[in-house]
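Trainee: Given two chains presented individually in distinct reference frames, assemble the corresponding complex, making use of the accompanying hints.
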Amino acid sequence: MPILERLAKTQAWKSLFRHPMPTDRRSRVQVMLSNFFLHVHPVSVRKQGIALSYTWCMGGATFFLFLVEVVTGVLLMFYYRPTLEHAYNDVLALRDVTTLGVLRELHRWAAHAMVIAVWLHMYRVFLTGSYKPPREFNWVIGVMLLVLTLLLSFTGYLLPWDQLAVWAITVGSNMASATPGLGVEGPGSGFLTLNGVKLITPTSDARYAMLGGASVGEAALNRFYVLHCVAIPLAASLLIMVHFWRVRKDGGISGPL
Amino acid sequence: MHEDANPDVLAGLAWYYLLASTLNAAAACRFAYHEMVSEGASREGCSPRTRRPPAWLAPTSIALYALALGAAPLRGLLPGGLTLAYGLVALANGLLALAAGADSAHFAEVRASSGVHADEREGRPTLDDHIPAVGLGGPINRTLWSLVAAVIAVVYLAIGLTYLFNGTLVLPGFVRAAVDSAAGPTSFFLGATLLLAGLFAFRRAFASGLVAFGIANGAILAFGLSLTDADFREIVARPDNVPIVGMIVLVAAFTWLALRRAVINDARREAGLPVLEELEPDKVLTWPDLVYVELICMVALTLFLIAWAVALPAPLEQPARATEAPNPSKAPWYFLGLQEMLVYFDPWLAGVALPVLIIVGLCAIPYLDTNKDGAGYYTIASRPFAYAVFQFGFLVLWIVLIVLGTFLRGPNWNFYGPYERWDPHKVVPLNNVDLSDLVWVRALGRAKPSWALVRELPGLTLLALYLVALPTLLLRTAFKDYAARSGRTRAVVTVVLLLLMAGLPLKMILRWTLNLKYLIAVPGFNI
Ligand code: HEM
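Chain order of the listed sequences is A and B. Numbering-wise, this note's numbering puts 325 at position 7 of the first sequence, and it's gapless, one number per residue. Numbering-wise, this note's numbering puts 562 at position 474 of the second sequence, and it's gapless, one number per residue.
Simulated from the structure, these hints should not be mistaken for laboratory data. Built from N, CA and C at the ideal position, the CB exists for glycine as well. Be aware that a few hints might be false.
[Stated by the list, open to error] Counterexamples of contact, computed for chain A against chain B with all Cβ distances above 12 angstroms:
#	residue
1	R399
2	K567
3	S572
[Claimed, not checked] In silico DSSO-like links for lysine-lysine, alpha-carbon gap of 27 angstroms or less:
#	chain 1	residue 1	chain 2	residue 2
4	B	K536	B	K595
5	B	K536	B	K605
6	B	K595	B	K605
7	B	K568	B	K460
8	A	K567	B	K371
9	A	K567	B	K460
10	B	K514	B	K595
11	A	K365	B	K514
12	A	K365	A	K567
13	B	K514	B	K605
14	B	K371	B	K460
15	A	K365	B	K595
Pulled out of the complex, with its shape left as it was, chain B reads as follows (with noise of 0.2 angstroms):
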C-alpha cells in the first residue's frame, strides 16, 4: 500500500471528512429553515415566513446520531461497530443535507409559480431573507446558497466513504512537488502579508458569511489532502503541534469576527446607526446570565480537556544526554518567532533586545495611542494604523513566524516544504556577505579598510540615516499631526518603536535580496 495511505490514516481521514460533512449538513440546514436576521436587524416588521422542517427530520436525525453514538462503544462486541457507526452518521448527514437542499429547491419553486409575495409588493422584508446587516451587500439567495452547501456535504460524505472503503485518494504528486518547490522563508512570509494586506483592503468582501464559509471549505479540502502526505501528518500530528494547529484555527476565526464587527459596526456609524455593542444597553443580573454562562464554558472546556488527555498522549523522549543534541534542537514552540529571528540577527538581538523591546512596547500602546476613538466596540475605520500595525505585529510578526518555525524548519534549521522530507544532510548554500563587503570589495572594488570604524562606515551611516534622520522627518511629515496632538515625547518613542518594529521585516529583505549578512559587523556587536 502506497507509504502516505496506511489503514490507520484511511480511517482518520473518514472520520475527518464525515465531520466536514456534518458541518456542511447543518449549514444546508441552517440556510434552509433558519430564521435569518442579521445582527442589528430588527424582526419587528418581518412576517416570519421561515419554512419548518419536515418533521420526520429532526427525530430520523437524532436517533440516527444516537445510535451512532451508541455503537462506538460496543466496537469491542461487534466487530464492525465503528464502521456501523460511521454508516449511521453518514445516513444522518445525507438525509440533513438533502433535505435542506431539496427543500429550498421545491420552496423556491412554490414561491415563483404563485407570484410575488405580498410583503415583497410593498417593499417590506420577510424573514426569508438574509437581511444583511449595513454594509454587507444584498440579501442572499438561501435557496442557491442551501443547494451549495448540500452539494459539498454530500461530495465530502463520498470522499469519506472512499477512504472508508480503502479507497487511497492523496495528493497528487506533482501538486506537492509544485507546493514544495514554491515554498520558501521569503514566498511564506511575504504571502502572509500580503494575505493580510489583503484582508485590509478588501474586508468588506471578506467580512460576508459565505466568502468565509467558501475559504473555510477550501481551507478544510486542503488541509484534508495534505494529511494524505507521509511527511505533512508526520510534522502536524506531533502531539506538541497539535495545538499549533488548533491555535491557527482559532486565531483565523477571532481574526474573521472582529473584522466583520468591525466592518458592520462601521457601515453603521457612517449611516448614523449605532454600532452593534450599543444594541443592548440594558444591565442583566450577574446570576443567572453571567454565571451559568461561565459554569457552561467550564464544563465544555474541561470535556474537551479530558477528551483531548485521552486522545493525545504527553510526549516523551529518550532520557536527557548532555552531548547527544537532537537535529534541530527547537526552543519550546511559543518562543519559535524569536529563534526564526535567529536567522537574520545575533542572540543578542534576536534573544534579549527583541523579547524586551516586545514587552516595553506593548506596555507603552495605551499610553502612546491617544486616539480616543474606538474604545469597547469593534471598528477599523476609527483606527485604522493602530488596527493594521497591531495585527502585522501579532499576525503575522508572532504567529506566523511561529508557523515556520514549527511546522517548516527542520534539521539545521533548515526551510522544508510542507511535504518535503526533512532530510538532515540537505545542504543549503550560505553565501551571505556584510555590507562592508558589499560596499568596499564589491561596489567600490578595493580592499577594506583595516580600521573598523572606517570598515563599518556605511552600516554606521545607514543606522544613523535609519534610526535618527529618518524619525526626525517622519515627525515633520506623516506624524506631525500626531506630535502636535500627543506631543513630542509620544511622537519620538511610536516613531523609533514602530521603526524598530519595521527593522525585522528589512533586515528580511535585505537577506532575500542582497544576502546581506551583517548591517554592522564589529566582534561581538553584530546588527
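Just chain A, with the same shape it has in the complex (with noise of 0.2 angstroms):
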C-alpha cells in the first residue's frame, strides 16, 4: 500500500493521527494510547475474553445501538416539533416527505433492539458469573442502565402521539396513580393531610407530577420530549462512560482465575 504509507508520512495525518500506520508491534500498541477513541480499550486483551461465543457482544451492541439512537435521534429533531398541532402530523410527513424515509425506521428498530440487547447482556453478565467481585458495582450501574434504557424507549413511544402512544403510555402512567402513599389511587393515599385537607388529590399526585397533568396531555408530550431528547440521553451517557471506566478498573472482561 505505498499511497497509503506516503499519506501516513505527510504533516496532515501526523497532525491527526498522532501515530504511525499500525502495522507493527510497536504502532499498534502506540495506536490504543494516542487515539482519543481507541484509549477506551487497553492495549492488549485476553484472548477469551473477546470471544463472540463468550460476551455475545452483546454490551458492545447495546452501546452501538445507543449511538445510532442519538445520531438518528438527533436528525428526528430536526423535523419533529412535540406539540399537538403538529407532533402527529410531523411523523406522518416523515416517510412522504423526507428524502431516504426512514429515519424514523432506523430509530425506533434500533430502540427495540437496544432493549433486547441489553436484557441478553445482562444475560451474559449474570450466566458467567461477571458481576462477582470485584464488578459489584458494575453490575449495579448496569441495573441502573437497564433502567435508563427502558426509560427512554419508554418516554420515546409517546412522541408520535398516535392512538397507540397515547393509550400505552395512559396505561403505564396510570400504575403512577396506584404509587402506595403519593398515588390518588394507591393505598395510604388519605393519609397524607395538611389541616384536615387531603393532600394527595388528582391534580397532585404522583401521576400528576408525571405528566404534568391530570391525563396524557400537551405537558405531558413536552415532559416526555425533554426527557428523551435531553435529560435521560445525557444521564445514560454519563453512566456508560462509567460502566466502561469500571469495566476497565475491575481488570478488564472477566475470565476465569
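Mentor: If you want it as C-alpha cells, here you go:
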C-alpha cells in the first residue's frame, strides 16, 4: 500500500493521528494509547475475553445501538415539533416528505433492538458470574443503565402521538397513580393531610407530577420530549462512561482465575 | 382462495422455506466436509481425513447464488425475475445438499470396504469423527447426520416449491383447534416452567449440537406452518411484534449456547481439565484483534438495521383521541410482563412495588451471592441455585410473560389461543372470590364478620406465616449454611426477596386452583 504509506508520512496525517500506520507491534500499541476514541480499550486483551461465544458482543451492540439512536434521534429532532398541533403530522410526513424516509424506522427498530440487547447483555453477565467481586458495583451501574434504557424507550413511545402511543403511555402512567402513599388510587393516599385537607388528589399526585396534568396531554408530551431528548440521554451517557471505566478498572472483561 | 393463503403469503412462505433449506444444506455440508474438532480437543495427533468437497461444487453454487442476487433487482424488467431468483437458489441448495449427502454415503462405503483405518487400529482419534468435547457423549456418525440434514433440506425445498406454484399447504384445522383449546395462561406458564426444569435436568442431552439441530428444525417447521394461519400471522407480523419474534430466537440461542458451554465446562472440571475459558490464556493486541471485530460487528449491525428499516415500515395509527381507548390497550411491549401481573395483583403491587423490587433485587444480586466460584466462565455445577433462580426469573417471569402479553392477550386482556380470532365480544366468566369468602362463607358456612380485622384474619395469618414464620424456618434449615457463611443480614434479605419472587407464581396458582382474588381485601389495599 504505497499510497497509504506515503499518506501516513504527510504532515496532515501526523497532526491528525499522532501515530504511524498500525502495522507492527510498536505502532499497534501506539494507536491504542494515542487515539482518543480507542483509548477506552486496553492495549492488549485476553483472547478468551473477546471471544464472541463468551461475551456474545451484546454490551458492545448495546453501545452501538445507543450511538445509532443518538444520531438518528438528532436528525429526527430537525423535523419533529412536540406540540399537539404538529407532533402527529410531523411524524406522518417523515416517511413521505423526507428524502430516504427511513429515519423513523431506523430509530424505532434500533430502540427495540437496544432493549433486547441490554437484556441479553445482562443475561450473559449473570451466566458467566461476571458480577462477582470486584465487579459488583459495575453490575449495579448496569442495572441503572437498564432502567434508563427502558425509560428512554418509554418516553419515546409517546412522541408520535397516535392512538398506540397515547394509550400505551396512559396504561403505563396510570400505574403512578397507584403508588402507595403518593398516588390517588394507591393505598394510604388518604394519610397525607394538612389541616384536614387531603394532599393527594388527582391534580397533585405522582401521576400528575409525571404527566404535568391529570391525563396524557400537551404537558406530558413536552415533559416526555425533554426527558427523551435531553435528560435521560445525558444521564445514560454519563453512566455508560462510568460503566466502561469500571470495566477497565475492575480488571478488564472477566475470565477465570 | 383460502383466506389463510393469499398470493403474498404464499410467496413469503416460499422464501421462508428456501431459507430453511439453505440452513440445512449448509448443515449437511458442514457435517460432510467440515473439519470437526470440538472445543478444547487438540488437533495435534489427529490425522486429517476430512473429505474435500468436489471441485465443481463451490464455484457452481456460488455462481448460482450470484445469478439469483442479480436476478432479484431486475424483477421490474423481467416479469418472472423473482421466481427465477428463487429457482436458482433452490437449485444451488439442492446441489449442495445432494452432493454432501451422496459424498458422505460414498465415503462410508469406501471406508467400509477398505477395512479399518490404520489410525483406528491404534485407537487414535481422527479428524473424521466429531471428537466430542468432554461430557457430550460419543462421536457422531457424520454420514448419518449429513444424510439427515440433506433430506431435511430437500423436504423444505419441496415445501417451498409447492408454495411458489400456489399450492396451499396449510395447518390442518384440527391441529389449530387442539392447540387453541389446550392453550391458556395456566398451560402456557406451567409449560414454560416445566420446559425450563426439563432443560435443567437433562442439560447434558440438550447440550448436544444434534439435539439443538433437531429442535431448531422442529421450531422452523412449526413456525412456518403456523404462519399459514391468518390470525396467527396478523399478530406475529405486526411491525412492533416482529422484534419480539427475533428476541425469542436470540434468547433461545443464547440460553442454549450458555448451557452447552456450562455442561462442557462442568465435565471438564470434573475430569480435572481447565475450563474452555482457560484454554487460551494469551493476550492479543487490541489492534487489530478487537478493533477489527468491533468494526465488522458495527458494519453488520448497520446493514441489518437498514435492511430492517427498509423492509418494515414503523407503525403509525390514527391520531390520538382522548376519548376512544383501543381494545386492548397495551403498555409498550417490554412492560407487558408487568401488565400481565395486573391480572393477579392490584396496580400498586404489579405496577409499582414489583418493578421497584425487581430493580432492588437485581442490584442486590452481587452482594447476596457470596459464592466465589463460577466467576468468569460458564458453569452450572458450581452455582446451580443462582443459575436456576435467575433463569426462572429472566426466562419465565420476564420473557415468557412478555410473549404471553404480546401474542396471546387480546381485547379486554382475555386470553386467545395462537390461532384464535381476537373477538372483542368473547366473554370469560369471572367468578373470583376473596380468601375471606372462602374461609368464612364456604368453609365455615357463616356470614363474613363485619369488622375488617377479623374478616381478614385468615389472609393476615397466611401472610404472616409466609413472610415471617417461613423465613425463620428457612433460615434454620435450607439456608442455614448460607446464613452461617454469609451472615444473617444477607440471609434474611435473600430469603425475603426469594419469597417475594416466589409469591408471583404462588398467587397465580391460587388463582387457577381456587379462583382466589385477594388474600387480603381492604379497600385500597388488596393483596
Ligand atoms: C446501556 C446499557 C449498557 C451498555 C452500553 C453496556 C456496555 C458494556 C460493555 C461494552 C461491556 C464490555 C463487555 C461486553 O461487551 O460484554 C460491559 C461489561 C459489563 N456490563 Fe454492561 N452495558 C450496559 C448495561 C449493563 C447491564 C444492564 C448490566 C447488568 C445488570 C451490565 C453489567 C456489566 C458488567 C458486570 C460488565 C463486566 C462484565 C465482564 O467483565 O465480563 N451492563 N458492558
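Trainee: Would you mind marking each hint as holding or not holding in the structure?
Mentor: Verification of the hints:
For R399/A, the shortest C-beta to C-beta distance to chain B comes to about 15 angstroms, beyond the 12 angstroms cut-off, and the non-interface label holds. At the 12 angstroms boundary, the C-beta of K567/A stays outside the reach of chain B, the nearest C-beta of that chain being 16 angstroms off. Taking the minimum C-beta to C-beta distance to chain B, about 4 angstroms, the non-interface status of S572/A is violated against the 12 angstroms cut. Taken as a hint, the K536/B and K595/B pair is honoured in the structure, with Cα atoms around 22 angstroms apart against an allowance of 27 angstroms.
Pair hint K536/B plus K605/B holds up; C-alpha atoms about 16 angstroms apart against a cutoff of 27 angstroms. As the CA atoms of K595/B and K605/B are separated by approximately 9 angstroms, the hinted pair is consistent with the 27 angstroms bound. Using a Cα cut-off of 27 angstroms, the hinted pair K568/B and K460/B holds, with the two alpha carbons roughly 18 angstroms apart. A distance of roughly 17 angstroms separates the Cα atoms of K567/A and K371/B; the hinted pair therefore holds under the 27 angstroms criterion.
Taken as a hint, the K567/A and K460/B pair is honoured in the structure, with Cα atoms around 20 angstroms apart against an allowance of 27 angstroms. Among the hinted pairs, K514/B with K595/B is consistent with the structure: their alpha-carbon atoms are about 25 angstroms apart, no more than 27 angstroms. Between K365/A and K514/B, the direct Cα distance comes to roughly 57 angstroms. Violation of the 27 angstroms bound is thereby established for this hinted pair. Between K365/A and K567/A, the direct Cα distance comes to roughly 18 angstroms. Compliance with the 27 angstroms bound is thereby established for this hinted pair.
A distance of roughly 21 angstroms separates the Cα atoms of K514/B and K605/B; the hinted pair therefore holds under the 27 angstroms criterion. Of the pairs offered as hints, the one joining K371/B and K460/B holds, with about 24 angstroms between alpha carbons and a cut-off of 27 angstroms not exceeded. For the given pair, K365/A sits about 47 angstroms from K595/B by alpha-carbon distance, which is inconsistent with the 27 angstroms threshold.
In this structure, the earlier hints numbered 3, 11 and 15 are contradicted, and the remaining ones agree with it.
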